[in-house]
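Asks: What follows is each chain in one-letter form.
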Amino acid sequence: MNERQRLLKLIQMYDFAIKDLNLYLDTHPGCAAALQYFHKYKELSAKAYDQYIKLYGPIIPKQVTSTEHWTWINSPWPWERSAN
Amino acid sequence: MLNSKNPNYNPDFRFPEQTPIGMAYIPFQPWEEPYDAQQGLERGTMFPSLDLPFKRGAV
Numbered sequence: 006m007n008e009r010q011r012l013l014k015l016i017q018m019y020d021f022a023i024k025d026l027n028l029y030l031d032t033h034p035g036c037a038a039a040l041q042y043f044h045k046y047k048e049l050s051a052k053a054y055d056q057y058i059k060l061y062g063p064i065i066p067k068q069v070t071s072t073e074h075w076t077w078i079n080s081p082w083p084w085e086r087s088a089n
Numbered sequence: 183m184l185n186s187k188n189p190n191y192n193p194d195f196r197f198p199e200q201t202p203i204g205m206a207y208i209p210f211q212p213w214e215e216p217y218d219a220q221q222g223l224e225r226g227t228m229f230p231s232l233d234l235p236f237k238r239g240a241v
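Residue numbers (the numbering used here), protein chains in the order written: chain A, 6 to 89; chain B, 183 to 241.
Hints may contain errors.
[Stated by the list, open to error] With a straight-line Cα cutoff of 25 Å, these simulated SDA-like cross-link-like pairs (lysine to any residue) come out:
no., chain 1, residue 1, chain 2, residue 2
1, A, Lys24, B, Asp218
2, A, Lys14, B, Gln211
3, A, Lys52, B, Arg225
4, A, Lys47, B, Ala206
5, A, Lys14, B, Asp218
6, A, Lys52, A, Ser71
7, A, Lys45, B, Asn190
8, A, Lys45, B, Gln221
9, A, Lys14, B, Gln220
10, A, Lys45, A, Leu60
11, A, Lys14, B, Thr227
12, A, Lys52, B, Pro202
13, A, Lys14, B, Gly239
14, A, Lys14, A, Thr72
15, A, Lys24, B, Trp213
16, B, Lys237, B, Gln200
17, A, Lys14, B, Leu234
18, A, Lys47, B, Gly226
19, A, Lys14, A, Gly62
20, A, Lys14, A, Arg86
21, A, Lys14, B, Gly226
22, A, Lys52, B, Gln211
23, A, Lys14, B, Pro212
24, A, Lys47, B, Lys237
25, A, Lys45, B, Thr227
26, A, Lys24, B, Glu199
27, A, Lys24, B, Gly226
28, A, Lys59, A, Leu40
29, A, Lys45, B, Lys237
30, A, Lys24, B, Gln220
31, B, Lys237, B, Leu223
32, A, Lys45, B, Tyr217
[Said to hold, decoys possible] To spell it out: a stretch of chain B is covered by chain A in this simulated footprint if at least three of its residues, at any positions, have a beta carbon under 8 Å from a beta carbon of chain A; those stretches are:
no., stretch
33, 197-204
34, 221-227
Simulated from the structure, these hints should not be mistaken for lab results.
Beta carbons are placed, not taken as given, at the ideal position from N, Cα and C, and that holds for glycine.
Let's have the full structure, built from the sequences with the hints guiding it.
Replies: Written out as C-alpha cells, the structure is:
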C-alpha cells in the first residue's frame, strides 16, 4: 500500500466512523460521549483530506484550491489504469 | 445472549408484556465504547453490540 492508498484508506475509515456515529446520534441526540467521538473523527477526517489534497489533488471538484489552474483534471480519471 | 457484549445493556429495554402485536419494535441501543475506525470499517459497524454474525440460512 503506497502513501496515496494509505491516506485514502484513512479517509474511508474516518468517514465511515462519522456516518455510523451520525446514525447513532440521530436516535441518541443527548449522548455526550457519542458526540465527542463524532467530533474526534470529524477532525481526523478533515486532517486526512487536507493531507491527501495537498499531496495528490482534489477528491471532489469543490476541493480545487488553485486560482490559476483547473487542477481537477490533473489526476487520473477513474477509468485510467494509474487511478486504480 | 447477544446483548451481553454491551455492559450498558439494560434488561428494561426488553419489550413489556403489554407490547401490542402486529407492530415492529427495536430494542433501544445503549451507549458503549465504539471500535476504533479501522475495526469499524472492517466489521461494518462502530458498535460491538451490532457486530452480529449475519449468516445465510441461520445464525
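Asks: Given the proposed pairing of Lys14(A) with Thr227(B), does the C-alpha separation stay at or below 25 Å?
Replies: Distance ~16 Å between Lys14(A) and Thr227(B) Cα, so the pair holds.
Asks: Has the given pair, Lys47(A) with Lys237(B), been kept, meaning a C-alpha gap of at most 25 Å?
Replies: 33 Å, violated
Asks: Quickly compare the C-alpha distance for Lys45(A) and Tyr217(B) to 25 Å and report which way the hint goes.
Replies: At roughly 13 Å apart (the allowed maximum being 25 Å), Tyr217(B) and Lys45(A) satisfy the hint.
Asks: Check the hint pairing Lys14(A) with Arg86(A) against an upper bound of 25 Å on the C-alpha distance.
Replies: 19 Å, holds
Asks: Going straight from one Cα to the other, do Lys47(A) and Gly226(B) come out at no more than 25 Å?
Replies: 18 Å, holds
Asks: Is it true that the CA of Lys14(A) sits at most 25 Å from the CA of Asp218(B)?
Replies: 14 Å, holds
Asks: When you check the alpha-carbon spacing of Lys14(A) and Gly226(B), does it fall within 25 Å?
Replies: 14 Å, holds
Asks: So if I understand the rule, the pair passes when the alpha-carbon distance is 25 Å or less; does Lys52(A) with Gln211(B) pass?
Replies: 30 Å, violated
Asks: If you look at each residue in the stretch 197-204 of chain B, do at least three have a Cβ nearer than 8 Å to any Cβ of chain A?
Replies: violated (count 0)
Asks: Does Asp218(B) sit within 25 Å of Lys24(A), going by the straight-line distance between their CA atoms?
Replies: Measuring from Cα to Cα gives roughly 14 Å; hence the hint holds.
Asks: Mind checking the alpha carbons of Lys52(A) and Arg225(B) for me, to see if they're no more than 25 Å apart?
Replies: Holds, because 24 Å separates the two Cα atoms, which is no more than 25 Å.
Asks: Decide if the proposed pair is consistent with the structure: Lys45(A) and Leu60(A), CA atoms, cutoff 25 Å inclusive.
Replies: Within the cut-off at roughly 23 Å; holds.
Hint compliance for this structure: hints 2, 4, 12, 13, 14, 16, 22, 23, 24, 26, 28, 29 and 33 are broken, all remaining hints hold.
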